[in-house]
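A.B. asks: The lines below spell out each chain.
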Amino acid sequence: MSQAITIQPITRIEGHASIKIWLDDAGNYQDARVNYMSLRGFEKFVEGKPAEELPDIVCRICGICPWMHHLASNKAVDRCFGVVPPPAGHKLRELMQTIAHAEDKLLHFYFLAAPDFVIGPDADYAVRNVVGIAKANPELATQVVKMRYLVKMILDKFSRKTIHPIAGVPGGFCKPMLEEERQDILAKMRQVLDFALFTIDFAKTNVFPKYLDAIKTLGVITTGFIGTVDEAGAHNLYDGKIRLMKADGSYDDFDVQDYADYLGEHVEPWSYGKFPYARKWNEGFALDVDHPKGIYRANTLARINVADRMATPRAQAELEEFRALFGRPAQATLLYHYARLIEEVYACERAIEILEDPEITDPNVRAPVEPRAGRGVGCVEAPRGTLIHDYATDENGLITRANLIVGTTHNLGPMNLSVKQAARALIRGGQVTEGILNRIEMAVRAYDP
Amino acid sequence: MGVRVASEWLNSCSGCEISIIDMGERLLDVLQVADIVHLPALVDSKYFGQLGDQKHLSLPEADVGLISGGIRNEEHLEVALEMRKKCKLIIALGTCATHGGIPSLANSWTPAEMMERVYSTETTDRPAAYPAEGVPPLLESCYAVDEKIKVDIYLPGCPPHPDQVFNALVALVKGQPLNLPTKSVCDTCPTVRKGKGELKQVRRFLQAPHYQAADEPLNQMRCLLEQGLLCMGPVTRAGCGGDAVTPRCISARVPCRGCSGPVRHEGNQLLDMLNALASNGIDIKSIPNRPLLLRFSGAHSLLKPAIHERRSS
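Residue numbers (the working numbering), protein chains in the order written: chain A, 1344 to 1792; chain B, 338 to 650.
Hints listed in this document are in silico derivations from the structure and should not be mistaken for laboratory results. The beta-carbon is built from N, C-alpha and C at its ideal position, and this holds for glycine as well. Check each hint, because a few of them may be wrong.
Quick look at which bits of chain B chain A covers, simulated, 3 or more residues with Cβ under 8 Å [claimed, not checked]:
| id | stretch |
| --- | --- |
| 1 | 374-381 |
| 2 | 581-595 |
| 3 | 610-621 |
From just these sequences and the hints, can you work out the full model?
C.D. replies: What follows is the structure in structure tokens.
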């Protein structure tokens, strides 16, 4: 191999990863890899800890989606201890999770992804960022910063701590919602819904049409998908059954307590991150761009692909429009951005639904819990995919073992495939430019890792 | 040309960077006076050149360097050393950087023990060898940043409140002294303390603390530690509530877990808490897991591989 290129760190993503590309003597693509560089060992160091403390420990897996870990963990501990939270406890948890989704998607679309589309993939790296957007379009940037802040501060004000939340507790939620809080949040979420509708229209008018060629080609691979649906098959972020879909659209639905029968994790010598794959398909695991094995994808595009419909009206209308254009399941990787904005509409509509439910202000939000030996799997849809926390406890309620499948990791295999595909298509005869390397990163960024 | 700012995240979760963004519109003010020359979460500056063809890791020069996360592997160490070389001033941002943070709970085990579990879980296909190609080797322990490089300013918090980050950046830009919290969470907590020593045991947080009504002000609720909950307020640095001061978790009627680290930088939250409990006549055997008192500050050799075996149950 005559040349190796290292893109490190991959930027405008949320974790630690790098890309290595090898070129042959003619300067053409030979191979590429995404290395996941970080290993912190949560599955080990939670051992021996009182289970009720885990929701406040494991949220530190991710500072961008701490609510997701916090709530999946609470659900797992509920099950270990055999407690069912009162309805308002669950509703407050779902409300926080849904609003956190609404905030997360604004952050990703405008702060992380948009520079590639608004400033342009070939622009100088010094301006291809949110600061560049702020200078090029100060009015939009100010509105974006304000709206994201508005959503974030709803969580912060009500739950008291939103980066590394403490408000979810085994058995329910730490405090009830007052009527004036409900009204305040409801008014704000209606504003955010308006902004979500503006955002998807803005993207459909000004962004996606310009990049249609890229959408059809960049990082495109063919895989299965995973996501959560409710009993009727509608998209759900908080609870339901897991749907694992093959590329041909056929699927299995299963209870998350049985996840280990369906999913496995493969280890590669060049990545600390493990690679989840569909064990159930009995085809093993292979990162072969043209013939992948066991590979499915998670996160926004996956969720809207596996769902029969969206559970709220405006999001459903958007899904119908999307499906008319791209079919089901849609495979083009950059469509993750489009799907993200459909989910943004859903998250706002769903938050409003929950806030309009009179039960949300019920003061009975927390059932007392008793430590005991047990096992529980807790799951929610994190922005980056189906998040699974599986714990076992001893008779004192201390953790004896934990197994975690984190949302992002479902897409570690697919990101590798998309990078291989993009590098193979874009690098020819030793021609490597910053624009080409950034386009290869865009194939990763779509997954919002 | 404004103040040049470089920012790096090491053994971290990106919560500190999100806390920077959570300054809201103040962020736009900061961007008026600061040039961000390196910040992987938002800006595309690369270690090995923009074409990825350089041999050695290199960062741009900056006036202020923010480092979040502890130092867990050789890449973290290399980046920290390069930051020190290129930045006039280093701020350890967040409790992972100042004291190891939650990931330093791993210091109760060796890297081999940690790998053994991670690569043998119920769903994992056990590999022939642990990952070692193109990934940075782990160091023996998760270190606070000042165990490896000189740190000029400590800004603990998990994450630091956006007000604190903003105030620190403004002070640096204006060349004013930093006004960092020096009190304990207890010192800033409005709950009612009676100080009578009737409590003999601490209990786990398995049910809600006692308070009258959902809208009861915090200054009418009895101190959570006096209610028997293991609240780390006495041994934890204040400041989590930002300019509003009131401790965040306690205002949600949840005990403090100690996320801003010890009150004094070199304090020991475990020993200080055991002392505080014992001197009030509380049986320290009632604590379910002692290393958990160091859950945010296990670096600086406070948690070590033998300790978890001696844990009380």
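A.B. asks: State for each hint whether it applies.
C.D. replies: Going down the list of hints, with the structure as the test:
| no. | hint | verdict |
| --- | --- | --- |
| 1 | 374-381 | holds (count 5) |
| 2 | 581-595 | holds (count 7) |
| 3 | 610-621 | violated (count 0) |
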